[in-house]
Amino acid sequence: MTKTNGQSPNGSTRPTLTVALLGNPNTGKTTLFNALAGMRQRVGNYPGVTVETKKGQMSVNGQAFQLIDLPGTYSLAARSPDEMVAVDLVLGQQAGEPRPDVVLTIVDASNLDRNLYLTTQALELGVPVVVALNMIDVAESQGIQIDATELTRRLGVPVVPIQANKRRGLDVLRQTLAATAGAKPPAKQAPFPEAFEREVTGLHKTLGGEMPPFLVRRLLLDVGGYTEQRLTRGNGANLRADVQAARHRLSDAQCGVPGVEARARYGWIRQLTTGCVERPKHRPTTWTDHLDRLLTHKFWGTLVFLALMFLVFESIFAWAQPVMDLIGGGIDWLGDQLTLLLPPGPLTSLLVEGILKGVGAVIVFLPQIVILFGFLAVLEDCGYMARAAFLMDKLMARCGLSGKSFIPMLSSVACAVPGIMATRVIENRRDRLATILVAPLMSCSARLPVYILLIGTFLTVGRPWWVPGLTMFAMYAIGLIVAPLVALALKRTLLRGETPVFVMEMPLYKVPSLRTVLRRMIDSGWAFLRRAGTLILASMILVWGLMYFPRAESTGENFDVHLARLQQELNTVREEAAAADEEKATTYQNQIDAQQTKIDELRGEWKRQSILGRMGRGIEPAVKPLGWDWKIGMAALASFPAREVVVGTLGIIYNRGKTDSKEIRDAPDVAGTELGKALQDAPWDDDPSRKVFTVPTALSIMVFFALCCQCASTLAVIRRETRSWRWPVFTFVYMTVLAYVGALVVYQVGSLL
Amino acid sequence: MPSLDQLRVGQRARIQSLSGIDTLLQRLMEMGLLEGEEIEVLAIAPLGDPVEIRVRDYRLSLRRREAASIAVSLLEQADSEAQP
Chain A
1 MTKTNGQSPN
11 GSTRPTLTVA
21 LLGNPNTGKT
31 TLFNALAGMR
41 QRVGNYPGVT
51 VETKKGQMSV
61 NGQAFQLIDL
71 PGTYSLAARS
81 PDEMVAVDLV
91 LGQQAGEPRP
101 DVVLTIVDAS
111 NLDRNLYLTT
121 QALELGVPVV
131 VALNMIDVAE
141 SQGIQIDATE
151 LTRRLGVPVV
161 PIQANKRRGL
171 DVLRQTLAAT
181 AGAKPPAKQA
191 PFPEAFEREV
201 TGLHKTLGGE
211 MPPFLVRRLL
221 LDVGGYTEQR
231 LTRGNGANLR
241 ADVQAARHRL
251 SDAQCGVPGV
261 EARARYGWIR
271 QLTTGCVERP
281 KHRPTTWTDH
291 LDRLLTHKFW
301 GTLVFLALMF
311 LVFESIFAWA
321 QPVMDLIGGG
331 IDWLGDQLTL
341 LLPPGPLTSL
351 LVEGILKGVG
361 AVIVFLPQIV
371 ILFGFLAVLE
381 DCGYMARAAF
391 LMDKLMARCG
401 LSGKSFIPML
411 SSVACAVPGI
421 MATRVIENRR
431 DRLATILVAP
441 LMSCSARLPV
451 YILLIGTFLT
461 VGRPWWVPGL
471 TMFAMYAIGL
481 IVAPLVALAL
491 KRTLLRGETP
501 VFVMEMPLYK
511 VPSLRTVLRR
521 MIDSGWAFLR
531 RAGTLILASM
541 ILVWGLMYFP
551 RAESTGENFD
561 VHLARLQQEL
571 NTVREEAAAA
581 DEEKATTYQN
591 QIDAQQTKID
601 ELRGEWKRQS
611 ILGRMGRGIE
621 PAVKPLGWDW
631 KIGMAALASF
641 PAREVVVGTL
651 GIIYNRGKTD
661 SKEIRDAPDV
671 AGTELGKALQ
681 DAPWDDDPSR
691 KVFTVPTALS
701 IMVFFALCCQ
711 CASTLAVIRR
721 ETRSWRWPVF
731 TFVYMTVLAY
741 VGALVVYQVG
751 SLL
Chain B
1 MPSLDQLRVG
11 QRARIQSLSG
21 IDTLLQRLME
31 MGLLEGEEIE
41 VLAIAPLGDP
51 VEIRVRDYRL
61 SLRRREAASI
71 AVSLLEQADS
81 EAQP
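Keeping their order, the protein sequence lines are chains A and B.
Residue numbers 1 to 753, in the numbering used here, belong to the letters of the first sequence in order.
Residue numbers 1 to 84, in the numbering used here, belong to the letters of the second sequence in order.
The shape of chain A in the complex, shown without the other chains (with noise of 0.2 Å):
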């Protein structure tokens, strides 16, 4: 057994103890594991999986204890490395983590017999087990009486009741804790048939006999689990047959498995509580009993369902935008600042093109995060997202899903970022991971600058009313309808399994903690900046480098060092203005616009002439039957970190200098802003007398950032959740065939009408 040397507070140095926090979900595992644990807490990642625990201190009696909250489960009969985790902790096999000298089970008082299941396996382990008795208070307000004594006498470990969430019974819990630690292992456990026994037994002294008991018997009793798929890699047919051999037997005994095991702990646990647990003769109706009639209902149900829908939806849209548009703000006020304060040159760019961009791009997440986290957290905390997961179930399961990854793809129409995020909730690993890798195909804030530019410009004048926002939806039912035929097509290929057995339990109903939400929220915001932030900065820069080399123009001079020499120019030009009389007002503003342009045209030729713009000329054979230009082509490489970077970029290269997505999206007239106009009068390099776009080639350009997954964030959170970089890179290369096929088709088929 391992341990970590720990400082006590008196100074002495005791090794620190370590208690693992095993329970089922919704038994307020979380609350109690943030009760014991205070503020300081770390995540604990572990090679292969995507589960995290969480991990944290405490202190009884000067002694140091290591808390690790496991991830909720039901059973220890693992299907997966994710649900592995849990087991290999418990047992000690987990590479860098010292074996728990003291497993915590927290049961809910008032579903006692299903909670006790997961106990039952856990006195197994040969761990010490101090069992939480929690929401003693939620089974006495249904008439459900426990006797805690008696059941520590029965169960032969210390069962205490708690209060997690009005945090009682905690001190009494430390203390049995410290007292339970390093002790000898529960004595008692279920009984299972002599024959059962019998064969775990046998099998223990064919792998030899080094194998932990408890592992010995999932490998039994688990069909097709992951001791069995473990094992059975290194060991090969021999011990696939002899674990064959040995079911047979057990049916033949007429205690087969998986059947065995649920009978006897079952069993055990009814013997266990008959006489110590007393319910009433009629379950009390309760209002968790009226409030679910109301929202599984059919008609009432869906209308709750989609006005609360909304209400996310519109918040994270609508909400969100002030914020974001504030930080943006305040990005672009101290990026000029600093361009004013510092010497034009390589440094002061990175600066402020590079890294502050990159931090802006960054931070703009927050608020959509944190807000759909709040309002998640409330969600789950109150016991409604499985009630919308029930609702919502079979929508989903036609392609391939199930109701829990809608509210992830609901999200990510407003932000795939928060979407993938919130995929978490999904414990089958193929649902959750085809749920990320289609979320980015729903149509996201980030793209409307984006058809705004080329709607307003191209669709609204001289054309019927209905032709904008006709194309607008269109162009959100593209993401709609394609999601659920690539999920479908994931489901079927990639992510082919046996369909997931979905049962899950609809909690009570609760009051929501502030607590929980508030951390929540926190932890949310605070993982995608540690996470995710360094690689969406990191693609920000090489975006920049690509555009701002080379910067000696043909005449020797730099660009940026000549471009804020016109600056100045410009400057001293608009402080002469202000001082002038009224009369010579036009010829100062002929002036100025002058100057305004000779910069925007300086700025158009770096940037056309940077390693992006060669880049851009290079690929133009290959965007030329999209119907686009080398320019168009340069404004989507140049668009990778984050789509609405393209309506910029489009800005710069035409000369119209640094055009805001904001500012268009807040255009009342596209059509004849500045660089709605630029784009209209566009024309190809090699035929000047023919227009670049035409009405083929802005639904080209749409359908394109529709599909493709322009958006480097959107791509490190994929790297975040799924810990590989194999699907950030399957999602950017599938997502961008389908935009050069779906814009190839939409701009050919355009072309022949």
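Incorrect hints may appear among the rest.
Think about it this way: if two alpha-carbon atoms lie no more than 25 Å apart in a straight line, the pair counts; the simulated SDA-like pairs of lysine to any residue are [to be verified]:
1. K281/A x E40/B
2. K281/A x A68/B
3. K281/A x D49/B
4. K491/A x D49/B
5. K394/A x P46/B
6. K491/A x E40/B
7. K510/A x P46/B
8. K298/A x Q6/B
9. K662/A x D336/A
10. K394/A x G48/B
11. K298/A x D49/B
12. K298/A x P46/B
13. K491/A x T23/B
14. K691/A x L752/A
15. K394/A x D336/A
16. K491/A x E37/B
17. K394/A x G36/B
Just so you know, these hints were derived from the structure itself, not from any lab.
Assemble chain B onto chain A, guided by the hints.
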């Protein structure tokens, strides 16, 4: 013998047997769906699937496909659990 997916909202029944592949059976049994247990259908989702039931002291939802593997015998209606 009817299976769980054939019950209407408000009907109560006793589980007689479970059948199906091992992973499904294990999952259902872990959640407390065993022979002899009493269940009550609480709701059916607006789109017709899944169904919500009460088993032991809690509420569980499962798809019709899974519910079809649980054979039940109907219990008498009209006691305290009936609709108000």
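Structure-based check of each hint:
no., hint, verdict
1, K281/A x E40/B, "holds (16 Å)"
2, K281/A x A68/B, "violated (30 Å)"
3, K281/A x D49/B, "violated (32 Å)"
4, K491/A x D49/B, "holds (20 Å)"
5, K394/A x P46/B, "holds (9 Å)"
6, K491/A x E40/B, "violated (33 Å)"
7, K510/A x P46/B, "holds (23 Å)"
8, K298/A x Q6/B, "holds (18 Å)"
9, K662/A x D336/A, "holds (17 Å)"
10, K394/A x G48/B, "holds (8 Å)"
11, K298/A x D49/B, "holds (11 Å)"
12, K298/A x P46/B, "holds (4 Å)"
13, K491/A x T23/B, "holds (19 Å)"
14, K691/A x L752/A, "holds (17 Å)"
15, K394/A x D336/A, "violated (53 Å)"
16, K491/A x E37/B, "violated (35 Å)"
17, K394/A x G36/B, "violated (29 Å)"
The structure fails to meet hints 2, 3, 6, 15, 16, 17 from the earlier list, while all remaining hints are met.
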